[in-house]
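Novice: Okay, here's what each chain looks like letter by letter:
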Amino acid sequence: MEADVLKKVPVREQDAKVRATNFEEVCLGYDKEEAMCEATRCINCKNAQCIKGCPVAINIPGFIEKVKEGDIAAAYQIISESSALPAVCGRVCPQESQCEGKCIRGIKGEPVSIGKLERFVADWARENGVKPEGASEKKGKKVAVIGSGPAGLTCAGDLAKMGYEVTIFEALHEPGGVLVYGIPEFRLPKQDVVAKEIENVKSLGVKIETNVVVGKSVTIDELMEDEGFDAVFIGSGAGLPKFMGIPGEQALGVFSANEYLTRSNLMKAFDETSNTPIMRGKKVAVVGGGNVAMDAARTALRLGAEVHIVYRRSEEELPARVEEVHHAKEEGIIFDLLTNPTEILADENGWVSGMKCVRMELGEPDASGRRRPVVIEGSEFLMEVDTVIMSLGTSPNPLISSTTKGLEVNKYKCIVAEEDFGATTKEGVYAGGDAVTGAATVILAMGAGKAAAKGIDEYLSK
Amino acid sequence: MYRIIKAEELAANIYLMDVEAPRVAKSCQPGQFVIVRMDAEGERIPLTICDYDGEKGTVTIVFQVVGAATEMMRSLKAGDSFQDFVGPLGCPSEFVNEDMQALKEKKILFVAGGLGTAPVYPQVKWLHERGIDADVIVGAKTKDLLIMEEEMKAVAGNLYVTTDDGSYGRSGMVTKVIEDLIESEGKSYDVCVAIGPMIMMKFVCLTTKKYELPTVVSMNPIMVDGTGMCGACRLTVDGEVKFACVDGPEFDGHKVDFDQAMKRQQMYKTKEGRDYLKAKEGDTHHGGCGNCG
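These protein sequences, in sequence, are chains A and B. For the first sequence, the positions run 1 to 462 when my numbering is used. For the second sequence, the positions run 1 to 293 when my numbering is used.
Worth flagging that the hints you see were computed from the coordinates, not collected in a lab. Be aware that a few hints might be false.
Here are the computed lysine to aspartate or glutamate pairs in the EDC-like style, where the Cα-Cα straight-line distance is at most 16 Å [what the hints assert, rightly or not]:
#1 B:Lys-26 / A:Asp-221
#2 B:Lys-263 / A:Glu-458
#3 A:Lys-283 / A:Glu-272
#4 A:Lys-268 / B:Glu-240
#5 A:Lys-268 / B:Glu-41
#6 A:Lys-426 / A:Glu-249
#7 A:Lys-242 / B:Glu-240
#8 B:Lys-263 / A:Asp-347
#9 A:Lys-141 / A:Asp-347
#10 A:Lys-405 / A:Glu-222
These numbers were taken from a predicted model, which means no experiment stands behind them.
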């Protein structure tokens, strides 16, 4: 096959009608021939802009060159130097605004499909038993990593490669953080992809202790003073869901996206045989327009509901990735844009029976630079729904900050950490990911985990 | 895995287990709870902590068989293990951080209903170990459902047992005992801690409100993760939304919206109840669960 210089080699996907009824992965990825063909589109820029667009600075032209040659194992080792979770990133990174957004090919035509190539390389390595290379020398120092999400796994993986003895403490019963409780199976398969990438991190020598809620089961001070950890990385994420504060939000059938997704993803409630229940609504409103809202909406759709995304701004402002919005529309999600809920109504038994909404229009730009939505007078209407999922973002959990002396947080309860290497206000303690920035992306958290690993290495080498 | 050291049936459908969980045992304080999972497919079930021994590394839990998950849990024996056992979760009881001198001057009344006796026990014991003897009312439906009487007697100041049907101790609801103690037995209290079924806590609060007796209750709503992540356990306290798992589980009972909390508790009851009935009745299951005809 031959590449069209202006266009990406198309990637195979499950048909929208079929996938709307199952939890199998939507995107099927490239095969070797397609990947090698797409790789020929990379012109191997000397001053590669794509690397600058990557929060973990993967040597992108380097690995693509190896794909071009058909040496996928070598391509994998190049990616592994920078990323502990390539199969995850190839699937969930917003490449369009990062590496691919900077690709020279994109000036005239489509950029190189870097994300799909990364995914292919990682999947190939997994299927062929190729593992990342570990450390040759031990440093003889212990680091505790709190949280096994993208930030924690990356930080732990990098430190292990440098020769540190790393233990990850995870509050839930399964490692992976948002990769297992948040992102659905149809975007990121748990057994085949997430569990395997975590195995790779473990194969570098990282220990993972589940069921430890740092701040409750043990404190950071105890880890450092009693258990002999020389440094700590906090990657505990932003787990606390926000609600709107409108009347009726406590009605039965109103969920946070976190609860809905955790039931379905972590507890496998989508599977009829699961012991954990989930409400299978007939008509579901998902309030919010981010990636999490798309995930919740597409999960509800697969559980058999008619699903509406209710978002107060217009399509242009949707914070979700274009690809996710596109997939959601293809599957039949209805977008009620410029619409804002004002009250949730319940029947005599307390169950959701409807949602009062108003129509909005866009006014002047606000502090975020986006045009501020303004209520259209007299536009109130009733939306009949039996389930409402609130997907308005999350904030960091204060469990750790409130139990650690000397750890400063800002007014949003985000841990204050210095930008370059994640040092907090407490000596030997570093932080990164959503716990510092508030809810953001997997790859930004990984970038922060990586930076903190450097910071910790420097601190412990002093 | 978390090994079970001891398992016994305290009363019909009420079980006690000592579980090896060193991290939890070491950090445990009165008022907190744990979440357990029986096996790799299990639900996450929040459970009451009844006792803990930091040195032995064990935590004692008590549970009542109420649904499909606890029905399976009852079959666990000493030597078996829980797949997961996480905690201690929630905030410790407020008195744990109170000034000891001020606390010693307080007259505290505990009101325990049914299974609520289990979480009340470590609180009364904690106070007893610090030379503070609190009065305790323990209520049960009937004599056979009364648990931990001897243990409680050993740590309480005065212990008042009552059964709804009068089969043991005093006769009637715990609220009647509160009224009797205050109105005709010359007792007065500075604070009341009530733990039991929500309906009981609601009525205890209505009763203590009459005497302007500040009352702490322990809420045990539906939850998934127990660390503040899911928001399933949210309730309204004094007009504000609180998460029982991280803001509680103990709250000012006079400010809790019990009617809303009780409604929210029903959310999965129907499904769980249905699964339970189905499992119980097998092929003979023809209606009765409210969902099938």
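Novice: The structure should be examined with respect to each hint, and the outcome stated for every one.
Specialist: Verification of the hints:
1. B:Lys-26 / A:Asp-221: Cα-Cα ~15 Å, so holds.
2. B:Lys-263 / A:Glu-458: violated, 54 Å
3. A:Lys-283 / A:Glu-272: Violated - the C-alpha atoms of Glu-272 of chain A and Lys-283 of chain A are around 19 Å apart, more than 16 Å.
4. A:Lys-268 / B:Glu-240: violated, 32 Å
5. A:Lys-268 / B:Glu-41: Within the cut-off at roughly 9 Å; holds.
6. A:Lys-426 / A:Glu-249: violated, 39 Å
7. A:Lys-242 / B:Glu-240: holds, 13 Å
8. B:Lys-263 / A:Asp-347: holds, 12 Å
9. A:Lys-141 / A:Asp-347: Judged against 16 Å, a Cα distance of about 60 Å means the pair is violated.
10. A:Lys-405 / A:Glu-222: Within the cut-off at roughly 11 Å; holds.
Of the numbered hints given earlier, the model fails hints 2, 3, 4, 6 and 9; all others are met.
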